[in-house]
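**Student:** Based on the sequences and whatever the hints tell you, model everything.
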Amino acid sequence: MSESIGQRLARCREAMSLTTATAAARLHCDESIIVSLEADRFAEIGARVFVQGHLRRYADLVGAPTAELMADWTAQGAALAAPDLTKIPRAPMPAVDSQAWGRRLGLLAAAVVIAVAAWWILQGGGVSSQPAVAEPAMTSEVVDVSDAVTPSDPSMPIEVPPPATEAPVVASAAVAPSVPVAEGRVVLAVDVRADCWVEIYDAAGQKLYFDNVGRGGQARAAGQGPLRVLLGRADAASLQVGGRPVTIPAGFIRNSTAYFTVDAAARLRPFIKPEVLTSEQVP
Numbered sequence: 125m126s127e128s129i130g131q132r133l134a135r136c137r138e139a140m141s142l143t144t145a146t147a148a149a150r151l152h153c154d155e156s157i158i159v160s161l162e163a164d165r166f167a168e169i170g171a172r173v174f175v176q177g178h179l180r181r182y183a184d185l186v187g188a189p190t191a192e193l194m195a196d197w198t199a200q201g202a203a204l205a206a207p208d209l210t211k212i213p214r215a216p217m218p219a220v221d222s223q224a225w226g227r228r229l230g231l232l233a234a235a236v237v238i239a240v241a242a243w244w245i246l247q248g249g250g251v252s253s254q255p256a257v258a259e260p261a262m263t264s265e266v267v268d269v270s271d272a273v274t275p276s277d278p279s280m281p282i283e284v285p286p287p288a289t290e291a292p293v294v295a296s297a298a299v300a301p302s303v304p305v306a307e308g309r310v311v312l313a314v315d316v317r318a319d320c321w322v323e324i325y326d327a328a329g330q331k332l333y334f335d336n337v338g339r340g341g342q343a344r345a346a347g348q349g350p351l352r353v354l355l356g357r358a359d360a361a362s363l364q365v366g367g368r369p370v371t372i373p374a375g376f377i378r379n380s381t382a383y384f385t386v387d388a389a390a391r392l393r394p395f396i397k398p399e400v401l402t403s404e405q406v407p
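For the sequence shown, our numbering gives the first residue as 125, with consecutive numbering after it.
Treat the hints with care, since some could be wrong.
Stated by the list, open to error - Here are the computed distance ranges between Cβ atoms for each label pair:
| hint | residue 1 | residue 2 | range |
| --- | --- | --- | --- |
| 1 | 194 | 163 | 12 to 20 Å |
| 2 | 242 | 340 | 54 to 62 Å |
| 3 | 226 | 308 | 42 to 50 Å |
| 4 | 334 | 236 | 43 to 51 Å |
| 5 | 378 | 189 | 42 to 50 Å |
| 6 | 342 | 224 | 19 to 27 Å |
Read the hints as simulated data drawn from the structure, not as lab findings.
Just so you know, these numbers come straight off a predicted model, no measurement behind them.
We put the beta carbon where it would ideally sit given N, CA and C, even for glycine.
**Tutor:** Right, dumping it as structure tokens:
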């Protein structure tokens, strides 16, 4: 009886004296994926395109015949149905209370009537809205000094107070308060030109996105940065951070897969999963 795909992968790995933990660390993936591949439990890994990517990378790592394994997978993997990306779960619409809406409309109509009445009263109810401005009598400010003041001594000078000067009014420019921006929050969008598995986690490791994105689709997520991103087909994906396009460096892509972090300033850094210390690495 011929060996299965998983048995051939396990035999090649053991021939290289590698453990499943070491292989997972070198591929930057969870050890459970390696275990599922060797046990032929492909449905546990996820979407079909994601299984293909992990299978190809694992076969290349352990030196297994990649073309032969992929051909066998194509024959066996037909039973693994691709996810229906058109069926997106939606939150149920809240029930509409007709009586509550009626009460709200009644209150709104009453508020409009009160507002119109208040406006009409403030306008004076038909009286001229512009009050008459009394024109200052300029002649009252002119004082006949000869008639108003009769000095006992003709030689005494009459002191006339200097005219009052109005202080200039300096209009202070209103300074608009600055709007605080949430520090460290990253808004990310991934557009794909081919089927691509996408994983996005926030700084605390919380899963924000974990699904396959079909050709021409988009994955969006937002959270506290830096965000950790895994793209199964990075060569067919484009990135936007805060609405600005960001190029994924070619050095970040290995076997069509990219694993990196991105912060609010759109800075990308490769994510290196910590190497697992195994028995063969202990001196």
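**Student:** Indicate, hint by hint, whether the structure satisfies it.
**Tutor:** A quick look at each hint next to the structure:
no., hint, result
1, 194 <-> 163: 12 to 20 Å, "18 Å, holds"
2, 242 <-> 340: 54 to 62 Å, "55 Å, holds"
3, 226 <-> 308: 42 to 50 Å, "46 Å, holds"
4, 334 <-> 236: 43 to 51 Å, "49 Å, holds"
5, 378 <-> 189: 42 to 50 Å, "21 Å, violated"
6, 342 <-> 224: 19 to 27 Å, "37 Å, violated"
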